[in-house]
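Participant: Just need the whole structure built from these sequences, with the hints factored in.
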Amino acid sequence: MIYLDLLIGFLKVGLFAFGGAYGAIPLIRDVVLSYGWISDEMLAYMIAVSESTPGPIMVNLATYIGSSQGGLAGALIATAAVVLPSFSIILLLMILLKKLLKNSYVQAVLRGVKPCIIGIILATGIFMILERCIGSFSDVSADLTAIIMTVVLTVIYFASSKLIRKGLSPIGLIGISAVAGIIVYGRI
Amino acid sequence: MGKPMSILPDLFLTFAKIGLFTFGGGYAMIALIEDECVEKKKWITHDEMMNVTVIAESTPGPIAINCATFTGYKQEGFAGAAVATLGMVLPSFCIIFLISMFLSNFLEIPWFAHAFQGIRIAVGILILDAAIKMIRKMQKKPFPLAVMLTAFAAMLAIDILALRISSITLMLVAAAVSLSVYLLKQFAGKEAAGK
Numbered sequence: 000m001i002y003l004d005l006l007i008g009f010l011k012v013g014l015f016a017f018g019g020a021y022g023a024i025p026l027i028r029d030v031v032l033s034y035g036w037i038s039d040e041m042l043a044y045m046i047a048v049s050e051s052t053p054g055p056i057m058v059n060l061a062t063y064i065g066s067s068q069g070g071l072a073g074a075l076i077a078t079a080a081v082v083l084p085s086f087s088i089i090l091l092l093m094i095l096l097k098k099l100l101k102n103s104y105v106q107a108v109l110r111g112v113k114p115c116i117i118g119i120i121l122a123t124g125i126f127m128i129l130e131r132c133i134g135s136f137s138d139v140s141a142d143l144t145a146i147i148m149t150v151v152l153t154v155i156y157f158a159s160s161k162l163i164r165k166g167l168s169p170i171g172l173i174g175i176s177a178v179a180g181i182i183v184y185g186r187i
Numbered sequence: 000m001g002k003p004m005s006i007l008p009d010l011f012l013t014f015a016k017i018g019l020f021t022f023g024g025g026y027a028m029i030a031l032i033e034d035e036c037v038e039k040k041k042w043i044t045h046d047e048m049m050n051v052t053v054i055a056e057s058t059p060g061p062i063a064i065n066c067a068t069f070t071g072y073k074q075e076g077f078a079g080a081a082v083a084t085l086g087m088v089l090p091s092f093c094i095i096f097l098i099s100m101f102l103s104n105f106l107e108i109p110w111f112a113h114a115f116q117g118i119r120i121a122v123g124i125l126i127l128d129a130a131i132k133m134i135r136k137m138q139k140k141p142f143p144l145a146v147m148l149t150a151f152a153a154m155l156a157i158d159i160l161a162l163r164i165s166s167i168t169l170m171l172v173a174a175a176v177s178l179s180v181y182l183l184k185q186f187a188g189k190e191a192a193g194k
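These protein sequence lines are chains A and B, in that order.
Under numbering that gives the first Met the number 0, think of the first position of the first sequence as 0, with each following residue one higher.
Under numbering that gives the first Met the number 0, think of the first position of the second sequence as 0, with each following residue one higher.
Note that these hints are calculated values from the structure, not bench results.
Quick caveat: nothing in here was measured; it's all calculated off a predicted structure.
Hints should not be assumed to be uniformly reliable.
Computed list of chain A residues with no C-beta within reach of chain B, every gap over 10 Å [as the list claims (entries may be wrong)]: (1) Met0; (2) Tyr2; (3) Arg28; (4) Ser33; (5) Tyr34; (6) Trp36; (7) Leu42; (8) Glu50; (9) Met57; (10) Val58; (11) Gly111; (12) Asp138; (13) Ala158.
A few chain A residues that face chain B, going by a derived Cβ cut-off under 8 Å, partial list only [stated by the list, open to error]: (14) Phe15; (15) Pro55; (16) Gly69; (17) Ala72; (18) Val154; (19) Tyr156; (20) Pro169.
Cβ coordinates follow ideal geometry from the N, Cα and C atoms, glycine included.
Facilitator: Structure follows, in structure tokens:
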């Protein structure tokens with residue numbers, strides 16, 4: 000039955016998808032293709048849509064695939080299934096967390112992992128900006144529009160915290176960038 | 000005055016707002032959660048946010064869901080966790096469901112495509128912002144700084160050279176190094192105490 004397949008398939012995705020959406024895509028691809036739900040090409044399209052709409056990419060993909068296979072009920076089941084494992088794991092951890100975080104070995108591990116994650120996030124941010132501005136590194140070509148957009152948006156975002164008391168919120172930046180995208184890319 | 004008003008509706012609305020404006024995966028969302036839950040609402044501290052990020056990275060599932068569950072649970076127990084997670088998921092659920100029903104050529108609609116091209120640029124800036132905030136608040140001691148810079152250089156090289164090494168591997172190495180340093184120090188301490 001399709002609903003049961005969706006439930007089991009996306010529970011698997013939610014349970015084994017480590018390292019964010021991009022780490023999860025091979026796993027999702029595996030599940031989706033093994034059930035024969037959609038073609039590889041359709042999956043690529045759905046991934047692109049999931050990336051360009053708000054919300055966690057993994058959850059978006061689950062909703063999309065669920066809906067394509069079983070309508071509203073399918074979408075609900077697939078979405079719930081992909082969320083349930085991480086929801087339960089965090090709840091369990093929260094109950095154990097207080098004691099766990101005080102453990103000196105856990106503390107030692109955290110001392111290494113925290114700065115490591117900061118380094119990873121910094122690298123990801125810089126890489127994303129570079130990629131938008133000069134394209135892929137195997138085929139470098141400067142995108143002047145993207146460079147100008149990046150500089151302008153960066154200046155607006157970081158200067159606003161000096162000018163206005165609370166600065167521009169991340170949501171504000173998303174809004175401005177969407178409008179700028181429509182104006183700038185719409186003209187070209 | 001009686002019991003303070005339940006913050007369940009506030010939890011739901013705040014996470015729905017975050018869910019509605021989160022583009023480009025988990026790291027970009029960290030900037031939004033910092034802004035809403037740490038700075039504006041003060042539901043969690045920066046330190047806790049950092050802990051959730053670590054936990055989210057080392058447990059399966061979307062970081063966004065992990066953060067919502069954590070913050071909700073801390074404020075209102077199980078109900079809070081459920082409401083925050085539901086809020087996080089609901090906006091994108093509705094959007095994707097509508098797209099899947101009515102817009103088979105969503106990516107070809109010029110307005111959305113252009114807006115998204117702009118948003119893609121903002122996402123990089125938001126991730127950078129999240130990293131800068133974390134660096135400002137981290138301990139400026141040699142060990143964490145060295146780990147941070149090494150991880151930064153390694154991750155950038157992995158991205159640029161398109162190597163098939165996941166960030167989880169980097170975190171495991173950092174954890175192993177840090178734990179070994181701790182054990183060595185303890186061992187050295189015991190030796191010194193024994194003599």
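Participant: Which hints, by number, does the structure contradict?
Facilitator: Those not satisfied are hints 8, 9, 10, 11, 16, 17 and 18.
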